[in-house]
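J.: Now for the letters of each chain:
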Amino acid sequence: MIATLIVVPILAAVLLLLLPRRAEGTAKWIGVAISFLAFFATIGLAGAPDESVRWLQRPFTANFHVGLGHGLSYWIVLLLTLSTGCALMATNVPRRRDFVAQMLFLLGAMAGVFLARDLVLFALFWDLMLIPVFFILLGWGPERSNSAWRYLLYNVTGGVALLLAVAAYGVLEGSTDLIGASLGHGASVVGNGWGLWIFAGFAFAFAIKTPVWPFHTWMPATYVDLPAPAVAVVSAVQSKAGLYGFIAIVLPLLPEQVQAAAGIMFVLGLVALVYGAVVALVQDDAKSIVAYSSLSHLGLIVLGIFSGNALALGGAAVYVIAHGLFSAGLFLAIDQFETREGSRSLKRLGGLGARNPKLAGGLTIVALAALGLPGLCGFAGEILILTGLYASGNVWPAVIALVPIVLAAAYMLRLFQDVMQGPEVADVPQRPDLTLLELLALAPLVVAIVLLGVNPGPVAGSANVQSAVSLVQGTR
Amino acid sequence: MARHDLENGAEGARGLILFWLLALLLIVTAVFTVTQKSPVYSVVGLLANFVVLATLFLTLDAEFVFVIQIVVYGGAVLVLFVFVIALLSSGVGPFAEGPNRMPRALVPAAFIVLVAFAALVYGLVRGPLATAAVHPSSAPLGAAGDAGVFGSIADFGAALFTTHLLPFEVTSLILMVAVVGVVMLAGDAPPERTHGSHSPQVRRKPREREPIVKAGR
Amino acid sequence: MIFALWLLPFAGALAIWAFGPQLKRLAGALGAATVLTSFAIALALAGQTFTGRGVKAPLVSWAQGFSFGLLLDPLSLLWVFVITGVGGLIHVYSIGYMSGDRAFARFFAYMNFFVFAMLTLVLSDNFVGLLVGWGLVGLASYFLIGFWFFKPSAVAAARKAFVINVVGDIGLMFGIFVLFAATHTTTYAGVFAKAGSLAPLTVTLACFGLFVACAAKSAQLPLHTWLPDAMEGPTPVSALIHAATMVTAGVYLIARCAPLWDVSPEARALVGTIGALTALTGAVLGCVQWDIKRILAYSTMSQIGYMIMGVGVGAYQAGILHFYTHAFFKATLFLGAGILIHALHDEQDVRKMGGLARRQPFAFWAMTVGTLAIIGFPGLSGFFSKDAVIYGTLEHGYPLLYAIGMVTAGITAYYMCRMLFVTFFGSYRGDVPSAQLGVAASTNPPVAHEAPSGHEGAHAPAWLMQVPVALLMIPSVIAGYVWFGSRDGPLAYGGPGSLWFGYFTTNFATRAEAVQAAVPEWLSTVLVLALVGIGAFVAYRRYAASAASANAVERLRAESLTAWRPLTRALYFDDAIELVFVRPASAIGAAFARVVDPQVLDGAVRDVAWLAGWLGREMRALQTGLVRGYALVVVLGVAGFLVYFAWFGTVR
Amino acid sequence: MSPMPVDVLNYVLLSAVMFFIGVGGVILRRNPLIVLMAIELMFNAANLALIAFSRVYENNAGHIFAFLVITVAAAEAAIGLAIVVVVFRRAKHVDVDDVAGLHG
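Sequence order for the protein chains is R, G, X and S. Okay, so the first sequence: first residue is 1 according to my numbering, each after it adds one. Okay, so the second sequence: first residue is 477 according to my numbering, each after it adds one. Okay, so the third sequence: first residue is 694 according to my numbering, each after it adds one. Okay, so the fourth sequence: first residue is 1346 according to my numbering, each after it adds one.
Read the hints as simulated data drawn from the structure, not as lab findings. A couple of the hints might just be wrong.
Unchecked claim - List time: in silico DMTMM-like cross-link candidates among lysine to aspartate or glutamate, alpha-carbon distance up to 25 Å: (1) K513(G) with D1440(S); (2) K347(R) with E1271(X); (3) K1045(X) with E1271(X).
For clarity, every value in this text was computed on a predicted model and none was experimentally measured.
Using the sequences and the hints, build the whole thing.
T.: In C-alpha cells:
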C-alpha cells in the first residue's frame, strides 16, 4: 500500500498524456484530486509496516524497501502531498495538461525519496526527481535562460556523488537496505579511511540539493525561473531532500564522521544563515528575497542537525516542515500578485493591500511565519534549534544565529510593505481580490502553519530518544 | 557422422590438418567478402565464410549452433542481403562510389587496426591461454538427443529453457522491436517529399486544423 | 474560566476579522464587549487568585522542558486588570474616535488581537509563552502603527517598531537559552526554584538578555527610537499600546523575574542606570517637541524609565505602582489629546492650538488632571508612585540614580506644563500661517485623499468619547491611595508594606531588605515637590504669563527656529542606528549579491562550464559526421583497451 | 574420448584475425552493404571465440550466448538493410560518406 504513494502519481502522470491536449481543466482537477487523495492516504497509512521486495543480490544486497512510519518521513510526505495539491489548485500556467503530468511525476519521485528505506532506491528516486524540474524549467521557464541547465549541472553532479557514496557503502557493508535500520550499525563496518570519503560524497550531494553555502548559486536562478506551483513544491519539499538525507542517512550511518565534520558544517551553516539574510535585504525581485531567505533558513536547519543535541534535532525536524509550509505559501502568494499585476518588483509595486485585503492577509501570515513570529511554525523550529544549540555548548553559533532573525524581520517586512502598503501606484493595474479558489489554495497552508506553530510536539517529540533513526521512523 | 570422423579419428594430425584447412578457407573467404567491388560477389564470399565457420563450430561440439548458423545466417540473413541488392540494383548505379571524404584515413586506420591486432595477439600469446593444458573431454559420446552430453542439442535446449529462459524471452522482444522498426523505416512512403503538388491545406495534419469556433460564444 | 478570559478577545478578533464588512458599526461594540467581559471574568477570578498560588491551566508540551500552561497569579492579575479594564474603556472611546473610518472593523480586529496578545504575555507560566505573547504584541503594535498603511510615514514607523521589537525578541531568546542550558526548563517555577544556585555569570547573562527585550519593548535607551514614531497610529492605539499596556511589558518582565534580579547586583545596577538615563533623556527631548502626541510619547518613555529604574534597583512595589497609576493618567492624557485632535481635524501641532480651554472645556479638564497627576501634584496618583520610585532608589543604595530621578521630576513638570499652557492658554492660533509659527512644512503631512478618521461620516455621540475619559480621570486622581492602609489601620500610610497593594505584590515578600536611607522620606518628598514647583513655574513664565501670551506667535517662532539642533534631532540616536547598522548591512548585502555570488561562487562553476565549452568547440572539428570516422574512433578505443590489457593485464 | 584436436589458442587467434578483417572492412569500405557484411563477420568472429571457450570449459553458456548473438545480429542486419533502403530512396545513391547529417 505504501508503494502506491509512489506508483499511482507516476502512473497518473503517464496516463494524463492520453487526455486530449485541450482538457486543461480536467487535467488540473485530476492532479489536485490525486494529490489530496495521497495526502489522506498518507494519514491513513501512518505507522503501517514496511514493504520490501528483494531486488539485487550482487554486488551487494539492495531491496525495493519502502516504509512510512510516523516520524519525519511521514510528516514530509504529508507536506509534499499537501503543498502539491495546493500549488496545483490555483494554477493557470499554459499547457496545463503537460504541466500537471510533470508535477505528478515529481510528486511520485519525491515520495519515493522520502519513503525509500534502501540507499540504492533512495539514490534512484533522487535522480528521478530532478527530471521533471528540469523539464518544467525548460518548458515553462523564461526564454533564453540557462537556469535549467544550471539546475541540472549542479544537481546531477550531486547525484553522481551520492551514487558513488551509495555504491561504496554497499560494497563495504554488503547491503544498502539500511535507512532506518538499527543505529550505529554502519559505524563499525565503515572505517575512517573510506568513511570520510563516503561522508564527503553524501554531504556533497545533500549540500548541493539543500543548498548549503557555497553551493547555492543554482538556487535563486531556479526559483526565480520556475513557475509558481513548481517552485512552491521544489522549495517546500525538494530542498528538504538534502536535509532529510543528513538526518536519515548520514547521522545514523556515519556518526563518527559527523562528529569529525561538525565544525565545518557549522561554519557553512552559519555563513549561509548570515549570507542569505544579508543578500535578501537588498533584492528587488520578491522571489529572489524568498530564495535567499530560504538559503538562510536552511542554514539554520543544518546547524540543528549537526549540533548533536536531541532538542535541536527535534527543532530541525519542525523547521523542515515549517519552512516547507511557509515557503510554499510565500511563493503561491507572490504568484498571485504577480499574475494580477504582472510584476514582482518591489520598486514597482505598492499599495496593493487596499484593494486586495484577502491577498494581503494571506501574505501577511506566511511572511510572519517566515520571519519567525512567535506563535507560528517558524518560531517553534527556531527556538528549539537555537536552545538546543546553546544547551549543547555551542554558545557562539547560537548567538550569531540570533542576528539573522532581526534581518529576517527586516527583509520580510520590506517584501510585504513595499508590495502591499504605502500609496497605490497609479500605473499598476489594480485587479480584483483573490477568488474563492485561490483562497482555498492558501488556506490549508495557513491552517497548517498555525497548527504547527501552536503545537509542534508531534513533529519534534520523536527526537526525545537520542537517535536520528527514531526520528525518521517515529519509533519511540 | 562428421563428428565421429573429426573427433574419433583423431590421431591429432587429421584434426589438425582439418583445422588449418578450415582456418585458411575462413580467412580467404572473409578477405574476399570485404574486398569485392560488387556486393553480389561479397554475398557469395560471405556465404562461403558462414559455411566454413559452421563447420568449425562442429569441430567444437557445438551442434545446435552449427545448425542455426547454417539456417539463420546462410538462409535468412543472406537472403535478406540478396533481396536488398536485387531491389537497389534496379536503380542507376547505386553503388558507384562517390568521392572519398576520408582520403588520408587509410594509413592511420591501417596502423590502428594493426596495433590493436598486434596487442590482442601479444596478449593472447603471453596470457594464460597459451600455457593452458588442453582439457580432454570427459563426456561420453552419446546420441544427439542425450541431455547429459556437452554440446548436444538436448543439452543446449535444457539450458536454454531453464537457466537462460529470461534472456531468451527478452531476445524475442528485441526481434519484435526490430520488426516494428523495419516496418516503420521502410514500410511507409518516403518520409519527406522534396517536391510535391499538394496544397498546404491537404498536407496539414488533422491535429493542426484551426479550432472550430462555435457561434454565439 | 481562565481560558475564557484569555481567548474571548481572540474570538472577538477572529469574528470581527472574518465578518467585519457584515458587522459594520457593531464591530466596535463587539470588540468592546469581549474585552469588558474578560475584565468581568478577571474580577470573578480575583478571589481565587489571592488564595493559594494562583490559577493554573496546562496547555501543550513541545519537547522535554518545553511545557506550557497558563498562570494567573496576583502579579499577572494586576496587569490583566489594566489590560482589560483600561483596554475596554479605550475600545469604547474608539467607537467614537474611529467612527467613519473606512477600516473601522479592521481597527477593532487589531485592537482585540492586541488584547489577546497582551493577555498571552502576562498569563503565560513560562518564558517561551511569554516570548510568544511578546512577539504577538509587537505584531499587534505593528499592525496598529501602520493602520493607515497608505501613509508612507506610517509604513516606515511600523517597520521600525517591528524590527526593533524583534531585536528585543532575540534578547529574550538569548535569556531563554541561558536559563534553559542551566536549568533544563523554561517554566517560571522551575527556573526560579534554581535561581539561587545558579552561577553569578549565568544569572547576569540571562538578565542581560531579558533586559534587552525590556529595552526594546519599553523604549529604553538605546532602543527607544521607535516609540515617538509609533505615534503615527490612531490616538486610541497610542493610549492603549504605547502608553498604558504594551510598553510596560518590560516592567512586568523584570518584576516577574525578580528572583533573578535579586541575585545579580550587576543586573540591578545596569537596569537602574539605563532606566534613569531613559527617564532623563525622555524628559529632555520632551521639552523641544511641538507635536502633542510626540510630547506625550517622550513623556511615556520618561515615565517608563522611572518604572524600569524602580523595578531594576529592587523597589518592585514602587515600580509596579507607578505602572498602575501611569496607565490611568497617561491614558487620560492621550484620550484627551485625541478629543482635541478629533475636534481640530487632525491638527497635532500645539503651536497651532492655543486658547482651547474655553473651546474644549472637557478636554481641558481631562488634560489638566492628567498633567497634575504625571508631574506629581500632591494628593494625585502620580505623587505617590513617583515619590515611591525616587525614594526607592535611595533606599536600595543608588544615590546617583536618586539625583537623576529628582532632576527628571523637575523637567517633567516643565514640559508637561509647557504642553498644557501652549495648548489651552492664550489665544487660538489655528488661523496663523504655519511659517509665522516656525512650523516646518510637512512635518506631518495631512493625508491627501482620505481623512483618517473620516469626519465626513456621521459623528458618533460625544459621550462615547467623554465617558471613558471621565471614568479614567477618577483613578488618575485616587489610584495612589492604595499605598495607604497598613497594619496600623486602613488610612495609615503603608508605603511598600501597604496591605491593599500588597495583595498584588506577594511575590516579593522575600525581597532583600532595603538599606536605611540617609535622607528621611518626608525631606525627599519636599525636595521633589520643590523641583516640580520650579519646573512648573518656569513653564508658566515662558508660556502662560501675560507677557508671554501677548506675543505668543513671535516667541513660539523664535523658539522653534533656535532650538538646539542635537535636541531636535533626538540626540542623533536614529542617525547612529542608520549609520552603524542599516547602511553597512545593505552595503554588505549588495556586495554579496553583486560580487560574491555571481563572480566568486558561481564564477568558479562557470569557469568549469567555460572549460567544457572550449573543449567542445575544439572537439567539434573531429565531429565530421562521417560514420567511418566514428567507427575509427571506436576502434581506437578498442586498441587502447587491448594495448592496456596486453601489457598490464592480469587475467588469470 | 576425444581430446580437442587443436589448441584453443589457435581458435581464438583465428577469431581475432577474422574480427580485424571485419574491422578493416567497416572502416575502409564505403558501400553500406559491404559494411554490414563486415559487421556480420565481426559478430561471427566473436561467436567463434565464444564457442571455443565454451568447449574448453565445457560450459554451454557460451553456446547460449552465441545463439543470442546470432539473433541480435539478424535483427541488426534487418534494421541496417532497412536503413540502406530508406537512404537509397531519398538519395538514389548509397555511400556511407554521404550520410553525414551528424556533423557538428
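J.: Each hint needs a verdict: does it hold in this structure or not?
T.: Comparing the hints with the structure gives:
{"no.": "1", "hint": "K513(G) with D1440(S)", "result": "13 Å, holds"}
{"no.": "2", "hint": "K347(R) with E1271(X)", "result": "21 Å, holds"}
{"no.": "3", "hint": "K1045(X) with E1271(X)", "result": "32 Å, violated"}
When held up to the earlier numbered hints, the structure conflicts with hint 3 and nothing else.
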